[in-house]
Structure formats: C-alpha cells, structure tokens
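Here's the letter readout for the chains.
Number of protein chains: 2
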Amino acid sequence: MYVLIVYDVEEKRVAKVNKFLKTYLNWVQNSVFEGELTEAQLNRIILWFKGHLDLRCDSVLIYTASSEKWLSKKIIGVEKNSTDNIL
Amino acid sequence: MYVLIVYDVEEKRVAKVNKFLKTYLNWVQNSVFEGELTEAQLNRIILWFKGHLDLRCDSVLIYTASSEKWLSKKIIGVEKNSTDNIL
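If you read the protein sequences in the order shown, they are chains P and U. So the number in our numbering is just where the residue sits in the first sequence, counting from 1, plus 547. So the number in our numbering is just where the residue sits in the second sequence, counting from 1, plus 547.
Hints may contain errors.
Copies of the same chain look alike in the list, so a pair counts if it fits in one copy or across any two.
[Stated by the list, open to error] Straight-line C-alpha distance at most 16 Å; calculated EDC-like pairs for lysine to aspartate or glutamate:
1. K627 <-> E615
2. K627 <-> D601
3. K621 <-> D605
The hints are simulated quantities; they were obtained by calculation from the structure and are not laboratory data.
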C-alpha cells in the first residue's frame with residue numbers, strides 16, 4: 548500500500564521521528580514522508596509512534612491508498628525531495 | 548475528488564495561505580488541509596498558489612484521490628481538527 552505520513556510533534560522529538568521514518572519512507576517535505584509499505588511495516592511504525600511520542604500533544608496523520616495508482620501528486624514551487632515512483 | 552494539500556512556505560506567507568485554503572478545505576494539522584474539491588476549484592487553488600507564493604523557495608504538495616474511498620486515514624495522538632467525512 549502507498550502511505551503518506553504527516554506529523555506535528557514537539558521540536559525535541561522531530562529529529563528522532565525523522566531518523567526513524569527515513570528507514571521506511573521517503574522524506575518529501577518538512578514533516579512529510581511517503582512511500583510503499585507492507586501492512587507489517589505500517590504496524591511497526593504505528594507501534595513505534597505510540598511508544599515514542601507524547602500522545603497528549605503530538606499529532607500524526609497516516610493516509611493510505613491501497614495502491615499508488617489511486618493517489619496522484621502535483622508539486623508547486625520547490626520540489627524538496629523527488630520520489631520518482633509517484634510522479 | 549479528494550484532495551490533500553501539504554505546504555512548506557516562508558513564515559510571512561503562512562497566514563495568507565491558511566486564510567485562502569480555509570475557504571475551500573478543512574485545516575487538519577499545521578500546514579495540512581484536506582477535503583472534497585471539483586476540478587475547477589483545484590485549478591483555482593493552483594493558480595492562486597502560482598500567483599501568491601515564491602516558487603523559488605516555497606513548496607506545496609497536492610495529493611489527489613479520485614474518490615475519498617481510495618484514501619483511508621489514521622490519526623495517532625492529538626486530532627488537531629477532525630474531518631468526519633474521511634474517518
């Protein structure tokens with residue numbers, strides 16, 4: 548499945564979240580990662596979030612499309628990090 | 548079509564972008580808007596971005612799914628602004 552993760556977490560946790568997500572997904576913009584994941588990988592990410600974030604103030608949105616073909620992407624302005632697999 | 552807009556723009560333009568996008572979409576997290584749009588509305592938004600952003604340094608990602616049913620959403624931690632139509 549194709550996954551898009553957008554997060555809004557306290558400053559002191561941003562580096563840790565970035566470092567972790569980079570092992571699974573492509574960084575495409577500040578606080579935005581995307582890429583192909585298996586169900587198991589996504590569950591691992593969700594578990595990690597629950598164990599490392601302050602769920603009272605941090606916020607993570609996870610959008611999933613069963614396949615990349617259901618999600619098109621347009622970039623306006625600077626392309627911070629290209630992911631050829633979706634364009 | 549269901550649209551998700553994520554932006555990373557210079558601080559001095561954030562308020563203006565927020566104010567504009569709120570007329571079309573739901574604010575769901577810092578720099579993240581989502582909602583149902585027509586093709587014409589999306590085109591108007593794209594034109595507005597091209598006329599109001601500095602395309603050399605600002606970045607906007609627009610994800611579209613032909614229908615909401617192709618995009619599921621999971622929230623971890625704080626739900627900054629709920630959009631019942633997708634959950």
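Verification of the supplied hints:
{"no.": "1", "hint": "K627 <-> E615", "result": "neither (20 Å within a copy, 27 Å between copies)"}
{"no.": "2", "hint": "K627 <-> D601", "result": "between (28 Å within a copy, 14 Å between copies)"}
{"no.": "3", "hint": "K621 <-> D605", "result": "between (27 Å within a copy, 14 Å between copies)"}
In summary, the one numbered hint that this structure violates is 1.
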